[in-house]
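Position chain B relative to chain A; hints supplied.
Just so you know, the sequences run in chain order A and B. Per the numbering used here, the very first residue in the first sequence carries number 1; after that it's consecutive. Per the numbering used here, the very first residue in the second sequence carries number 1; after that it's consecutive.
Honestly, I wouldn't trust all of these hints.
A few chain A residues facing chain B, derived, Cβ under 7 Å [to be verified]:
1. 97
2. 864
3. 937
It should be emphasised that the hints constitute simulated quantities derived from the structure, not laboratory data. Don't be surprised by glycine CBs; every beta carbon is placed ideally from N, CA and C.
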Amino acid sequence: MMEEKNRKQHVEAVCPSKKDKLDLETARARIAETKGPEYWRSLEELAGSTEFQEMMHREFPKGASEWADSVSRRGFMKLMGASLAMAGMTACTKQPLEPIVPYVQQPEEVVPGRPMFFASAFSLGGYASPVLVESHLYRPTKVEGNDKHPASMGGTDVFAQASVLDMYDPDRSQNVTYRGELSTWGEFMVAMRDPLIAQNAANGAGIRILTGTVSSPTLADQFAQIRSRYPEAKWHVYEPVNRDNVIAGAQMAFGQPVETTYKFDAADVIVSLDADFLYAGFPGTTRYARDFAKRRNPDAGNMSRMYVIESTPSSTGAKADHHLPVRASDIEPFARALVSGLGSAGGGGSLKGGQQKYLDAIVKDLQSHRGSSVVIAGDHQPPAVHVLVHAINQSLGNVGKTVFYTEPVNANPINQTDSLKDLIADMRAGKVQMLVIAGVNPLYDAPPDLGFADALKSSNIPLRVHLGLYQDETSQYCHWHINEAHYLESWGDARAYDGTVSIVQPLIAPLYGGKSVYELMALFAGQTEATGHGHVQNYWRSKHTGADFDAFWRKSLHDGWIEGSTFEPKSVTAKGAAASSATSQNDNSIEINFRRDPSIYDGRFSNNGWLQELPKPMTKMTWDNPLLMGPAMAERMGVKTQDLVRLELNGKNLTVPVWIQAGHPDYSVTCFLGYGRARAGRVGTGAGFDMYPLRFSATPWFTTGVKISKAGGTYLLASTQGYQTMETQDGDNRPLVRTRSLDEYQKEPNFAQEGNPPPELTLYPGYDYAKEPYAWGMTIDLNACVGCNNCILACQSENNIPIVGKEQVNKGRHMHWLRVDAYYQGDRDNPKAYFQPVPCMQCENAPCELVCPVGATTHSSEGLNDMVYNRCVGTRYCSNNCPYKVRRFNFFLFQDWETPQFKMMRNPDVTVRSRGVMEKCTYCVQRINHHRIDSEVAGRKIADGELQTACQQSCPANAISFGNINDKNSQVSKQKSNQRNYGLLQDLNTRPRTTYLAEIRNPNPELEA
Amino acid sequence: MQIFHRSANTISKATIIAAVFLVGGLLWATIQLQRSPYVTYEKVARPQPVPFSHQHHVSGVGIDCRYCHTSVETSDFAGIPPTRTCMNCHSQIWAGAPMLEPVRESFRTGKSLVWNRVNDLPDFVYFDHSIHINKGVGCATCHGPVDRMPLMYNYASLQMEWCLDCHRSPDKYLRPREEVFNMRYEQPSGQKPMLMDGKVYTDQRSLGTDLIKKYNLRTVADITSCSTCHR
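One chain only, chain A, in its complex shape:
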């Protein structure tokens, strides 16, 4: 404890929290003075705080470039003397003898050195993301989107990208255990025999199975078989991030739990009522981002317009043309007013000041776009809002055009909270003889008022079985723990948001001999088949009607989905809007929102370092989940970012740090779930704060009446928001992100071009890139970018980028080669927000190259700014001279070189960098080389679109184009000839190869006035 305190003090001394002198008054005054567009990245920057000024001066955060450990000057000199003397000797290491191990019998399809790709599917909350997994000698190394699949179109989401790290996680459970002692699957099966025979006599009355949301047809079939064998056995479902409200809304509106899907590419007007449909975790998000971006092209003449009314700033809100922050409980009155504004029954109610203006404009816009608009409600909004939205879409004639209803993807669409309540009641009543908890962690994430933990711990359940990837909070109170096989290790199937079934095929045999949920359930279903492969195949064989099952099976595996399994749209009629749910509106009572975390979801990914260190889209927070609060509220309370506050709700207390988030609604705070795990693993245990104790079963998503008071003290938060800024000290507001409204753009189409330098301004001899067969270039369309963070993780996975930990992130030493900057503009209470992904610009006149004393960074003939890791001696001059701040330095040996699992995970085509080496984006040069070699062997040129960088490939919105700019017909050349194309800091004459397409918003003229 003492040590921890000392460490924190030390961190504070080394790196005083740069955020703590934020002066919101100044920020406000500064906005009032501002004329014209001015963009800022953090409230500190806006306020011009001294810390921000200092950081501008230093270019790097304090502590980023200093040796901060307590070594005396004398000791340091001694060390340096010794290392200088030995410096030259480092090159003299003799390479050790290395073994080379061939197969005994080489599989036919394997060509060592050439990766293979297999189609599979990653599931989250029951919804499948179709993926292609890259396999090097049967080791999965990278997850990519399945470009042929309608739900992916080549894109992925962050959770799918990071899933490969989950599989190799050395903290995963590696054994079957019985009462904490090592056991085996065989012993487990033997131990289950007698209890199951006993249950057979009792019709299974004592069997309870608790799973997460299931969409797998095979698993649903297994449950049906369990039920026919044990008619009184019960299947319960509970996930903390569930869609109970959506299902209840559909039940109320249509009398059946239909699934709603959307066609955003057919929508001229989109109204989101608190739905963050552009970020991972929302069903269908990958496809939706693609469709949404398709209609955001200002040059195509049919740009859509999006209104977002939301309770916490999200990336969807950032992309909106009009963003209205309201409290979550104010969404329902807004939806009602929308219904009555559109002239349907069931609406009514008055709106608070300021909202009426938006409502009128939205009503007008929707009315003039009947049949080509989408109104969408967030999963956490109460059922009544979903009913209202169904009514609106129906009255607007959107159903069948932009909004579709299908069978539910969820195989067991019951109310999950009620299901858990029933289970706990049975557990308390002693009715449960055998409890099987498969793949969920209710001890950590169940609502505190239900008392799941107490019910589980009380010993009146004679047999408790837990199947999970980790020995987690729940497993410690179960007799048996079965180590689960990861989806990359096991067979299965799952449905995507549109119902399409993907077969999940394993990429590798289970690393620790884990068992899948299918194999566990087979035991209860009385199936004799032993393998997951058998279960899935047998199920589909029974469903197959055609002649050649093998051909069907092979095709389904190869393509990644089963043809004809997509749900057909259903014709359903919405009943009128329901009665108002009794929410009393107290304007000054503070509302608390509970949201799935953008990075670690409900806590299941807590031990995934890639996700933990992924800066969240709006706050750029890593490793933590502070309480988000609007600037106005923070000002009233007198709290600053990083101050600790005490939350009190229904007699439960929590102390958490605050993060002041521009654009957060007033009288409302947001907290994110999934942190504060007690048994997550070496990465996730102890990170952040557990918010589940405040999340009661009646109010899972938001509730008013929370009391907040200052707790005194601060807590260090590691956000990358202010880091790697490209601004200058004198605050001249460089035109980094360039935006206009559609009107302004049409009047002044060349606005993005200002500041482009005359091309001949250089002292160095030029190089004629035009004569080369290839000149690589990239464009990033800011209009399409939805800030989903996929590119960061795709890059991390492809290029073996290490994570560094919270303390190092706080010093600005994180290693992401590609960052996504968020810029804000205007009113701090409702700013516009813009995303800008920044990889290396591959400048033709690269400032970094000129200052390297050892020639470790040089230019390739194709225009790449090469980085030669083995030459780098770590002077960091290049990073100092880089105006874009895209170079990353290994201050320590961040890469884990010892853990064998991680050795298997890395991309063998990319060097693993060591300590003291600078690294950066190289446009995935390993991919360029592979494609160039292949094309030359085949005697042709690389075709446009054949070669994709990792970031480009994973982008769901197709925002990144990459290719040969010497080919005038390539996609990237066409993008570069667009008038919106501009280079970042091009006035410095760096001639960046990466350029941006300026962002155009399509605001409603009525609201602009």
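Frame of chain A; chain B shown alone:
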């Protein structure tokens, strides 16, 4: 009062001069060591589980390189034969030879043979066989007279200066594609002229220059860019 003897002057001068030579000498020795076979393993045979003779199999039996190194034309990695390949023949001939016991054991038990890698580049270098084969770099150009190696050793130092020798002027080494796997290929000379595409070549340079055009080699600037090999 004089502390040092007069001779100290001479000694100190001599010491300073000696020190310069000593440092210079040490530097020279280090550089020589770095290039010596001790470090590079150049022409040094490594211990192997089975004393496999390329000489016997290539020039004695006449097996083509690609019989074992199957992926040399299609992949970056030439491939090292699985035990199965050995057993194709050695289940019939020399089936009981004690020397081959490790091979049979591997086949029996399913455990791979563990060889010591001979041509072993550092991990930050990405060499690709397929493109070199395709552009007319003969096996023997880098691997030497494998058909005369009873025990395999690396023919070249595999140091960067050696790679660059060819990357800076490929015309010195290129040969027609048909000759790539020919172990006894000789560069054209006045005594042994060579006929290609109806033209007679009497020296390597002119043949190389024409092959560069014929095989569409990338320019020297291209193939000496750092990212050609380092990434």
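Against the structure, test the hints numbered earlier, and report the numbers of the ones violated in rising order. none
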